[in-house]
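Participant: Going down the list, the protein sequences come from chains L and B.
No gaps in the numbering here: position 174 of the first sequence is 237 in this note's numbering, and each next residue is one more.
No gaps in the numbering here: position 91 of the second sequence is 474 in this note's numbering, and each next residue is one more.
Treat the hints with care, since some could be wrong.
Computed cross-link-like contacts, DSBU-like style, restricted to lysine-lysine with a CA-CA straight-line distance of at most 30 Å [what the hints assert, rightly or not]:
#1 B:K536 / L:K290
#2 B:K536 / B:K492
#3 L:K197 / B:K492
#4 L:K197 / B:K390
Pairwise CB distance ranges, derived in the manner of DEER restraints [claimed, not checked]:
#5 B:I440 / L:F76: 51 to 61 Å
#6 B:S657 / L:N66: 20 to 30 Å
#7 B:K547 / L:L226: 50 to 60 Å
#8 B:E448 / L:E94: 39 to 49 Å
These aren't lab readings, by the way, just hints derived from the structure by calculation.
Yeah, the Cβ is synthetic: ideal placement off N, Cα and C, and Gly gets one too.
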Amino acid sequence: MINFIQFTLTRAFLAVVTLLIVCFIVFSLMELVPGTCAERYLAFKNTQGSQITFEDIEAEKIRLGLDKPFFYRYGKWVSDIVVRQDFGDSCILRMNINELLSGRFVLSLTICLVALIFSYLIAIPVGIISATTKYVSLDQSLKFISYLGIALPNFLVALCIMLFMTVYFGDTMTGLFSQEYENAPWSADKVKDFLGRAWLPIFVLGWNATAFALQTVRALMLDENDKLYVMAAKARGISGMSLLWRYPAKHSLGPVINSIGFDLNRIFSALPVVALILILTEAGALLIEALARSNDQQLAGAIIFLLTATIVFVNFVTDIILAIMDPRIRKGVMGGG
Amino acid sequence: MEVSSKKKEAYYTATQMQLVRTRFFGNRSAMIAGSILLFMIVCSLFSGFLSPYDPTIAGRDKDYENGAPQIPMFWDENGFSPRPFLHTLSKYRGKDTNFRWVYKIDTEKRRYVYFFVKGWEYKYFNYKINLPGKALDFTIPGFTFDTHLFGVKEGGIHLFGTDKAGKDLFSRTLSAIYISLAVGTLGVFISFVLSLIIGGISGYYGGWIDSVLQMFTDAIRTVPPIPLFMCLAAFAPLEWSSELRFFFISCLLGLISWPTLARRVRTHLLSERSQEYILAAQMCGASSTHIIIRHLLPSFTSYIIVDLVISFPYMLLSETALSFIGLGLREPVNSLGVLLQNATKADVLLNYQWYFIPVFFLVVLILTFVYVGDGLRDAADPHKTKN
Chain L
64 MINFIQFTLT RAFLAVVTLL IVCFIVFSLM ELVPGTCAER YLAFKNTQGS QITFEDIEAE
124 KIRLGLDKPF FYRYGKWVSD IVVRQDFGDS CILRMNINEL LSGRFVLSLT ICLVALIFSY
184 LIAIPVGIIS ATTKYVSLDQ SLKFISYLGI ALPNFLVALC IMLFMTVYFG DTMTGLFSQE
244 YENAPWSADK VKDFLGRAWL PIFVLGWNAT AFALQTVRAL MLDENDKLYV MAAKARGISG
304 MSLLWRYPAK HSLGPVINSI GFDLNRIFSA LPVVALILIL TEAGALLIEA LARSNDQQLA
364 GAIIFLLTAT IVFVNFVTDI ILAIMDPRIR KGVMGGG
Chain B
384 MEVSSKKKEA YYTATQMQLV RTRFFGNRSA MIAGSILLFM IVCSLFSGFL SPYDPTIAGR
444 DKDYENGAPQ IPMFWDENGF SPRPFLHTLS KYRGKDTNFR WVYKIDTEKR RYVYFFVKGW
504 EYKYFNYKIN LPGKALDFTI PGFTFDTHLF GVKEGGIHLF GTDKAGKDLF SRTLSAIYIS
564 LAVGTLGVFI SFVLSLIIGG ISGYYGGWID SVLQMFTDAI RTVPPIPLFM CLAAFAPLEW
624 SSELRFFFIS CLLGLISWPT LARRVRTHLL SERSQEYILA AQMCGASSTH IIIRHLLPSF
684 TSYIIVDLVI SFPYMLLSET ALSFIGLGLR EPVNSLGVLL QNATKADVLL NYQWYFIPVF
744 FLVVLILTFV YVGDGLRDAA DPHKTKN
């Protein structure tokens, strides 16, 4: 038990260090973006018609603390996030980022997680079938479909489905809510409405993720299937489903659990582009808005930080789960039997 | 009996590369994909010769905007012709069309397709490097040609139709495949060099250097790549020339995608370093350069090649995604991403479906790459006896 706690603490420590490195990279990137927050805000004010002088910019810089050295600001940014859970204000929108993101980030996370679960639910059984089937053509066609999931750009799939829905059902399926629920508080009806629309991004993101997960499961199953312990089990007269689930499938799931974090990473990565096409009001779309249109470094930094923190957390959890589930790792962690 | 023992001998004395080649050639789907891929690469390399029009705005056909694809035919109701021909189009606008320009087809007038015609000039090995700073600008003249595979004497020939500025989509697609492949190659090359250096140092030295480098690699791997790309691409000022932008985007692709390969190099070096054959070589008095060049490198070149081919489609997809959101390559440059961006407007979907032809090529390109990568991976795996 002591060993296990030690293992957990080491992992937690490593996760925190990773997060700090990522923070540093993200923060440096944000610093390198040409122009500062103060200039951007005042430029925005300028377009609104008010006259801006050089002194105004300086005053605004001091107000935002931009005159302080780099490491001081980095420390302040991180400590604000950790201690006060405060991401500061957005450069352009002049809103507190927490308010801006609170609902949206949860939405993005839900979409991604559901897509992830959906992809695993399909990929694991289909991958096992693909690896163990006697029919080469079935294996080949399953492989082709999953490759197609990689090759078709996400936004293209989204667009085609949108077009199809528009032509045949007269609803473009854009956005996450129908108009009447857009600003309504959460209720059973709103959830229903959300699910009725969110299946499209979930499907699009999920197909892509399924393709990858399928490849992993298939390759692992093929590897495990040739191993001696499977042959030994066969020799003892175990066959069919019970053989598959008790021996090779069980063992090939370990690396799959390990890859959850990276799959989530991939889904997050694809989210902004899909969000752009489907006009979703969530964090991915906001990120594109912040980077491609308005150069809002504060907001972009906050979103990337949140995404990465989620992935680091998921990686941490899967490590712990693996240590509990897999006897080989459990032994290594806890020592003895 | 004679034959099979000969076969056996050939099998056991074959070098690693020969074995890989035989296994790869035996893989039907990989071979088909490989041939298609090769064909597309050759076509894109000779895009200047194959495309009848300049893919940039200079080659636009102002009499045929948003025009549908024109397929050369061999016969119509007036009979057969051994030389393929097109019908003549005329622009027409009147009360009956609500004063919108439409194209009328005149089936009486044929325009014949000629081969090896003279047309716009294209250049090979011509580089105009325009880096920031005057001293770094230089020009290599290269070779200029103006012969094209096919063309028509009057009017235009647009196999894939034209876009809203009248640019020929066929020419654009060819040059876009070329550009996208070039971006991918440059990106793969940069990531290859980086991963060799970082993975190499990490695997060669081991110890704390390895731990620190691994932590850094893992940290980069946890950041979702597309947001990171977007972040970096947001640096490129709008006023940059298209060549500079092209170079910058390729570098970005390379800078972000090295961690996976670096990890593989490191793992391989770590496990290979302690193998007996390395020890044997050391005992024989081989220098470490000799060991690295003669033993370590050949032991994983096949893996590296496979990894490079596998990472190629992701480079292409990242480039398309980036260009698609408007942070990657931009208009005067043709890339598959730029062409896709044009295809996503609603009126395009409903009225000008030929804008989607480049999309088809992108999908085929990525699929063939994936299949070839898959075949190579199977072929390079020495433990795999079947397939």
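Participant: Confirm or reject each hint.
Facilitator: Evaluated hints:
1. B:K536 / L:K290: violated (68 Å)
2. B:K536 / B:K492: With a Cα-Cα distance of about 13 Å, the restraint between K536 (chain B) and K492 (chain B) holds, given a limit of 30 Å.
3. L:K197 / B:K492: violated (59 Å)
4. L:K197 / B:K390: holds (29 Å)
5. B:I440 / L:F76: 51 to 61 Å: Since I440 (chain B) and F76 (chain L) have Cβ atoms about 57 Å apart, the given range 51 to 61 Å holds.
6. B:S657 / L:N66: 20 to 30 Å: holds (28 Å)
7. B:K547 / L:L226: 50 to 60 Å: violated (19 Å)
8. B:E448 / L:E94: 39 to 49 Å: For E448 (chain B) and E94 (chain L) the Cβ distance comes to about 45 Å; the hint holds.
Hints 1, 3 and 7 from the earlier list are contradicted by this structure; the remaining hints agree with it.
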